[in-house]
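**Student:** Residue strings, one per chain:
Number of protein chains: 2
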Amino acid sequence: MTVVGPLKQAELRVDPQRIQDRLQKLAAIGALPGGGVCRLALSDADRQARGLVVDWMCELGLSVSIDAIGNITGLRPGRCSGPPVMTGSHIDSVRSGGIYDGTLGVVAGLEAVEVLNHGGLDTEHSLAVSVFTNEEGVRFTPDMMGSMVHQGHLELATALGARDNAGMTVGAELERIGYRGVADSAVVRPRAYVELHIEQGPVLEHDTIDIGVVEAVQGISWTKVIVDGVANHAGTTPMARRHDAGFAAGAITAFVRGLTKRIGNDQVGTVGMIDLSPNVINVIPERAELTVDLRNTDEERLLAAERELHGFLRRIAEKEGVRITHRQLARFKPVEFDPGMTALIEDHARSLGLSTKRMSSGAGHDAQAFAPNCPTAMIFVPSVGGVSHSVQERTRLEDIENGANVLLKTLRALAG
Amino acid sequence: MTVVGPLKQAELRVDPQRIQDRLQKLAAIGALPGGGVCRLALSDADRQARGLVVDWMCELGLSVSIDAIGNITGLRPGRCSGPPVMTGSHIDSVRSGGIYDGTLGVVAGLEAVEVLNHGGLDTEHSLAVSVFTNEEGVRFTPDMMGSMVHQGHLELATALGARDNAGMTVGAELERIGYRGVADSAVVRPRAYVELHIEQGPVLEHDTIDIGVVEAVQGISWTKVIVDGVANHAGTTPMARRHDAGFAAGAITAFVRGLTKRIGNDQVGTVGMIDLSPNVINVIPERAELTVDLRNTDEERLLAAERELHGFLRRIAEKEGVRITHRQLARFKPVEFDPGMTALIEDHARSLGLSTKRMSSGAGHDAQAFAPNCPTAMIFVPSVGGVSHSVQERTRLEDIENGANVLLKTLRALAG
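Residue numbers (my numbering), protein chains in the order written: chain Z, 26 to 441; chain X, 26 to 441.
Honestly, I wouldn't trust all of these hints.
Heads up, the list lumps identical chains together, so a pair's fine if it works in one copy or across two of them.
[Stated by the list, open to error] DSS-like, lysine-lysine: derived pairs with alpha carbons at most 30 Å apart:
no., residue 1, residue 2
1, K286, K358
2, K286, K344
3, K344, K249
No lab work stands behind these hints: they were computed from the structure. Keep in mind the model is a prediction, meaning the values are calculated, not measured.
Start from the sequences and build out the full structure, keeping to the hints where you can.
**Tutor:** In structure tokens, the structure reads:
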């Protein structure tokens, strides 16, 4: 790729108040007590938030299209007819999510368009701002569904057939909320992709850094584990004759913690979900369903972590006399971003007088779907206390402004 | 007490088919696929089952009374007007319960009355068959609620004020199902209490013994544990900065297992319930609620187990940086039954040519409420595979017949 170096663009600055206003308007949709949102993918709240973003895109003069997996793209045509420079993120949330996760990238993309519009500035290449369907993967798996379909890593039919716990499919829910579009996303290979996101971790705040320049995304391995034991009386069943699915779930949870210590590097591991049945005080659980989330930036270590987990599942099943089955809910290899893109982001951040740090992302992001297909990178801004996926998630307005200015300048440089 | 020794009662035998018919009729109320029942205390199913038992009591000519906590008692008057010899059990179940737990004791008591009626036999002392409210303690805590109020160990007002997860009180639910009675149970101190129950454990079947003569009941300690951590992103939060309520729950579950091994004796321990929130795959749990059920026949060891648990809760809270609170949901000291009563049961079982084994009960039973107030003991019959609190719970008809005959003969001897 050819990248335009940092230009003198002193006149181009985002309006933090306008960004804040848009974030607050989105935050009101699916609002939770305590300040967060519940806006699960393809819920009524998601529909309402999509409507608001589409309205904004139209007000900004973007040409809006919806593709077959419900991704929304607003296009600002450039002087030439080639592929666009793209930015974007998501507006769905986890069950008790924050108001910045995903939405910041979408709103900052719209802000960049607004600044260019106000300045009456054309670009050589088209500029696209996208909202990707079901990034969180909480209601439907896998996560990053929209961007993965968009960039050809996930079959459209598979994605449309994914079901939530109530048995509803993605396809039916897209129909219901009116976002099953016709645009063919498969042909869109952007010229470059850049995404602004909150860090969702504590590193930037701890190191008092303004801008994270994201070089890589951790690989992610999601496993669903089902333990079938024998329900029995909690008082009368001798310990030696138990087949306790709940104990197995607890042992697996404790094992995952130990595993992260042994593997080291930046290995993380989480058991986020445990469901026991019958789940009453005086009955040995006959069934446990739980999830294991493992992440590492090193694929070999991630594979080793998975092998260790599988080995433990076999051992605990044999020891406790329970049946354990497991299946992969999602698996992404670690992703490396484009060195030219990260250098560009770094240069522009520094030209704004901001401090930067090269880092990897512990969370999956839509950007990783683009990395194999076009020059891609991400911009992180600090999360207060490192907290995310929580109603307490917060990013200071000053940091939002900094990140949005870096995004604006990077997009401007890429679009020419 | 004065106990009448085993008499020649060759003519007195229960009708196993009649017992089976009554068990099946009760099993149809709240029936689950697979053969068990869900008949939570004071549910509509409980109401329906109570109605059936009251009908049977009336058909048998018993004088029926309902007390203020909803216990049902059918009285067969004796020649003298003193306190009755009492038998009984419960007809409420756990969420996925079997059809013998509790109901066998009630049905066998009615069968004893029917045999006496058919034989035209009066007794010196009155005979009472009781159904006690909320023995299981699944919907409302504590368990053995009805018998504990009946025998003065639990305040009526406290029991009536107990709430289920939906916020309904025992008092309101008793009103709703029409079983908030007026009889004053507090004055009933029976002459003796004997209860037939399935073992709910594997010992009798394993040792091929017909009748368990229950000398003691394990002490029970129920603890609710609440862990408050910090919800955070499962990918971006370094392991060292986590406050993971789900991990703490898993560690506590694993600890309870280890505790039972260290305490030894017949110490058992179960984590039957774990609820995480938000309970999603990619969020570190911010809250965990779990229950710990500890039982031992030795009070000192049970106290030691509780101390160990409390110590671990403090340590894991400090280590993980979470807040852990706990409260006792129920606590019963181990109970010893009356040696004269156990000898009587043993003699009558042997006179029927049945093999017997002295044992303790791992489960709590209504009988333990009576033990401090009158001569009390229990009769156990084998559970197939030791399984109970499960839809697979089963006891062979031959064993039911044996147990009911021992109950009949014991009651006859006690009633004179």
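**Student:** Check the structure against each numbered hint from earlier and tell me which ones fail, lowest number first.
**Tutor:** When the structure is compared with the hints, none of them turns out to be violated.
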